[in-house]
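Number of protein chains: 2
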Amino acid sequence: MLLRFVSTALCIVAALAALPALAQKAHVPGGLVHEAEFQRLWAANGDRWAEEDEEIQAKLDALEKRFGKKPNIIHILWDDMRYGAVGHRLLTDVSGYEAPNLQRMAEEGMSLTRMYTEPSCTPTRVAAATGRLAVRSGMIFPIFPIHRMGLPGSEVTIAEVVDDTYHTGFFEKAHFGDQEEGYVHNQGWDEAIFSLYNQFAGQGFNGDAENQGYSIAYSPDGYDKKYFFDDSFRPLDWMWTVEGFEGEAPAKEFSTPTTFEEYQQANARMWERTKQFVRKHAGSTKPFMLQWWPNLYEVADESAMRPWTTQHATASAESIKRMDAKIGELFALLEELGIAENTIVVAMADNGPMVPIWPETGQNGFFRGGKNDVTEGGIRVPAFVKWPAVIEPGTVVGDIVHVSDLFNTFARIAGRYDQIPTDRVIDGIDQTALLVKGDKHGRRDYVFTYKGPALGSLVKQQFKRHFALSTGALAGAEFFDLYKDPREENPLMAEFLWTWAQFDHIVGRHRQQIEEYPHTPVARGVPYTGVERRADP
Amino acid sequence: MLLRFVSTALCIVAALAALPALAQKAHVPGGLVHEAEFQRLWAANGDRWAEEDEEIQAKLDALEKRFGKKPNIIHILWDDMRYGAVGHRLLTDVSGYEAPNLQRMAEEGMSLTRMYTEPSCTPTRVAAATGRLAVRSGMIFPIFPIHRMGLPGSEVTIAEVVDDTYHTGFFEKAHFGDQEEGYVHNQGWDEAIFSLYNQFAGQGFNGDAENQGYSIAYSPDGYDKKYFFDDSFRPLDWMWTVEGFEGEAPAKEFSTPTTFEEYQQANARMWERTKQFVRKHAGSTKPFMLQWWPNLYEVADESAMRPWTTQHATASAESIKRMDAKIGELFALLEELGIAENTIVVAMADNGPMVPIWPETGQNGFFRGGKNDVTEGGIRVPAFVKWPAVIEPGTVVGDIVHVSDLFNTFARIAGRYDQIPTDRVIDGIDQTALLVKGDKHGRRDYVFTYKGPALGSLVKQQFKRHFALSTGALAGAEFFDLYKDPREENPLMAEFLWTWAQFDHIVGRHRQQIEEYPHTPVARGVPYTGVERRADP
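Just so you know, the sequences run in chain order R and Y. Counting from 1, one number per residue, gives the positions in the first sequence under the working numbering. Counting from 1, one number per residue, gives the positions in the second sequence under the working numbering.
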């Protein structure tokens with residue numbers, strides 16, 4: 001009894017003492033400044049994980065020996081889709097899209113049931129590229145024409161991390177903004193065709209001087225002007241997609257479509273270039289890393305809207321079908337080139353669906369909310385990994401993964417973990433163990449989600465706390481059990497008793513660490529510098 | 001152009017002319033009086049289906065030759081669970097129960113993504129037993145103590161259909177009411193231990209004369225009696241579970257527990273008898289048919305309520321875990337007895353979860369509503385079929401199936417289709433083709449769902465019409481697209497234009513057929529006749 005009391009007392013003391021600067025037993029790989037909560041996890045599990053890492057490194061070394069080089073890495077990231085909308089038929093039969101190649105990917109690879117992203121495009125893409133929550137670089141919302149802001153040059157991307165040892169290519173939707181320092185080819189990619197904004201900016205068709213009736217969304221003259229006395233409010237033009245090569249200046253405007261046909265042609269040309277990139281480097285002694293982040297949702301294609309012929313006939317469904325066909329082509333190409341076994345393909349959405357425009361992308365399935373919400377509907381996405389040399393077909397993993405973890409995981413697999421900067425907070429966690437050893441080998445049990453500049457929610461294990469929801473439940477704090485209540489509709493009364501303070505401690509350490517490592521201000525300035533406009537758009 | 005007009009005109013005429021008494025080309029198997037909508041389906045597809053049936057019969061004959069007898073049939077039917085709560089991890093990881101044996105069943109057998117039931121226990125169980133919507137025998141709601149009503153003796157159950165050629169056994173929850181003519185052993189089962197009401201009636205503990213404080217739900221004396229002047233409102237006692245053998249009278253009270261321990265003991269004894277039944281008939285020249293409809297939800301077990309130790313720690317979760325363990329035992333027994341290959345096991349829930357008592361059984365997942373609702377949340381359930389000799393592992397089928405179809409399908413597989421009565425409407429459809437040939441070989445594209453005595457909703461293909469919902473959408477008619485909107489939250493504006501009248505035609509034919517074949521009145525009278533009470537309860 002006394003022993004039990006002592007041990008309980010020690011536990012309480014241990015919990016109270018668990019401040020950021022914990023004495024760590026095993027050295028954190030790469031000496032990274034991890035987010036405070038992971039430092040706690042490492043303090044408790046680091047010895048075991050360090051040991052496991054040795055075993056995994058031996059496996060990676062054996063693979064490198066077998067294939068003569070490190071694995072190729074392909075990251076496919078698309079827009080606005082809920083968990084379950086593509087993949088296994090037990091989900092998609094209820095409500096989903098016809099995407100046979102993603103279904104095959106689920107069958108032949110790994111499906112993740114708890115892949116978290118940020119709640120909108122720019123933040124998720126920045127987190128994937130930098131391994132850091134987007135709030136840390138000021139990239140807190142989707143950048144639109146003409147925001148005059150972009151990814152700070154001081155951010156270190158995964159392309160910069162693997163540079164020298166990997167051929168790096170980036171195609172289609174970056175959405176890192178319109179600042180030169182943030183252009184993809186200035187952020188480490190050897191070769192890039194990338195959009196500054198999202199795909200809708202490619203469907204505004206503002207550049208067509210001859211046909212002033214063009215745009216799906218915008219025309220400087222297409223409005224009633226009865227009470228009009230500010231011409232400067234409406235931009236006359238903007239730039240959409242740029243082509244650049246690392247170290248070569250200036251970059252060139254690749255496409256700013258003036259018609260839907262030009263938009264489609266631009267996408268077709270980018271797709272050809274994507275495949276060329278794979279072909280070009282397949283036989284190289286250096287592996288390649290490809291970010292193919294395709295433009296989804298061809299909203300300008302009125303003819304694709306709501307035919308009554310197919311199961312999910314919407315413009316979105318048609319776009320997804322086209323993307324899925326390309327994914328099929330890509331896998332066929334890897335097979336044809338004999339590199340499928342040693343290529344990791346990660347495919348996922350960047351955030352939840354745009355529920356307000358149902359049925360276009362708005363089906364929220366298990367979860368409540370969608371894009372821009374910090375409920376699960378906004379941040380929990382379909383995600384699959386195929387890596388035939390390592391991952392068993394039909395693998396399912398229920399571990400929590402955050403999109404920023406890809407940064408660390410790719411760095412690890414590329415053998416470049418030591419290139420991750422140690423002068424800033426890294427939110428990403430190396431999840432190689434999860435890929436190699438499967439279910440229950442993840443290393444994250446929490447996710448911070450920002451909504452714009454403010455912390456919106458915090459997941460810890462099966463619990464979730466919201467900071468800006470309003471269900472009328474508790475005074476300023478709402479707690480949910482995600483296993484029992486994935487729609488976050490039933491605030492917990494029993495569990496808030498002990499979770500409230502625990503969540504406050506985690507957030508307190510998070511904020512304390514931000515004081516020590518302040519956010520980088522977003523890049524701001526004249527847009528489109530360093531890009532030559534196309535003479536013939 | 002003229003030809004096209006003529007052909008369009010003919011189509012319209014064909015649609016208008018499609019009344020119930022259509023001239024059928026191929027003869028409907030068994031000469032059944034199918035529900036009017038199926039008669040239309042048969043008129044259009046009967047030739048093809050009759051041909052397919054010959055191929056399937058050849059396959060069934062070959063199986064019979066190989067195994068020396070027709071397949072054994074086991075139907076497992078439990079309470080109140082939403083689609084996705086058990087089975088594949090891509091569903092259960094989001095929100096579900098730990099049920100490894102049902103997960104294995106999904107992996108090794110067939111999962112159905114559109115298995116429909118009636119919206120509550122008694123109706124679903126009656127539909128499964130009789131192949132008819134429960135409204136046709138007046139069994140329109142869950143029968144409770146002491147309703148003095150039950151299944152009419154004139155109903156012909158699946159046990160009566162397969163009698164003589166099959167050993168038939170029934171164990172645990174029947175819920176067919178308290179009328180002698182409806183007792184399970186009077187409805188064709190050779191051997192039966194069956195509850196008259198549901199499992200909660202077994203946890204009322206009203207029979208304990210010595211401890212008047214017993215009940216979880218009911219005690220005749222346990223209330224404030226300040227304004228009390230009607231003693232007869234509160235029953236002093238009731239009967240729960242009865243044991244009977246076909247042709248042997250009287251039956252015997254099997255158990256009416258007076259404590260939670262007795263309730264558990266009764267369930268344990270019934271489980272032993274279930275296994276004995278399988279053992280006893282495994283080596284027989286005659287196959288067996290077993291209805292094991294286990295009692296789920298041990299709500300009296302206060303100690304199981306909400307511990308913080310497991311993923312879904314609720315009394316429900318603990319009950320499901322125990323049931324799943326029994327399913328594992330059952331499969332092990334079939335293996336041990338060498339009869340697994342030639343045994344069909346169908347496992348499913350009887351309706352959606354009781355959402356108002358979240359988190360006990362209330363997780364609605366993809367769908368809106370639960371038990372007693374005619375939204376998908378009430379009537380679309382997890383369902384699996386294992387039949388190793390026929391069904392490939394990991395099969396998924398998206399065809400619509402209704403619980404009443406099991407009646408016809410079992411009759412067909414048992415070679416007793418000619419024993420189905422032809423003097424009444426049969427709602428069930430033979431779905432043997434779906435089991436044998438898999439996805440896209442179902443034969444139903446519609447489901448009528450009653451809420452009590454009134455038609456509540458009608459599913460046709462991906463569309464659904466409600467008759468008693470109130471979303472403020474349209475004047476008396478609400479239409480949904482279940483593929484795009486499985487939660488039935490966004491009433492359709494475009495499609496109601498052409499679906500409204502079509503739905504009316506289907507309902508009109510349905511009602512017209514009811515006039516021709518009126519419902520059978522429910523059995524009513526003194527309860528518990530023909531049962532000897534146990535001396536020592």
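These aren't lab readings, by the way, just hints derived from the structure by calculation. Predicted model, so just to flag it, every value in this text is computed and none were measured. Mixed in with the good hints, there may be bad ones.
Each pair may be met inside one copy or between any two copies, as identical chains are not told apart.
Claimed, not checked - Straight line, CA to CA, 25 Å or less: simulated PhoX-like cross-link-like pairs of lysine-lysine:
#, residue 1, residue 2
1, Lys-326, Lys-484
2, Lys-252, Lys-280
3, Lys-59, Lys-326
4, Lys-437, Lys-280
Hints, verified against the model:
Within a single copy, Lys-326 and Lys-484 get their C-alpha atoms only as close as 37 Å, which misses the 25 Å cut-off; across copies the closest is 24 Å, which meets it. For the homomeric pair Lys-252 and Lys-280, the shortest alpha-carbon distance inside one copy (22 Å) is at most 25 Å, but the shortest distance between copies (81 Å) is not. Taking the closest pair of Cα atoms, Lys-59 and Lys-326 never come within 25 Å of each other, the shortest separation being 31 Å inside a single copy and 40 Å across copies. Taking the shortest Cα distances, Lys-437 and Lys-280 never come within 25 Å of each other, neither inside one copy (32 Å) nor across copies (45 Å).
Checked against the numbered hints listed earlier, the structure breaks hints 3, 4; every other hint is satisfied.
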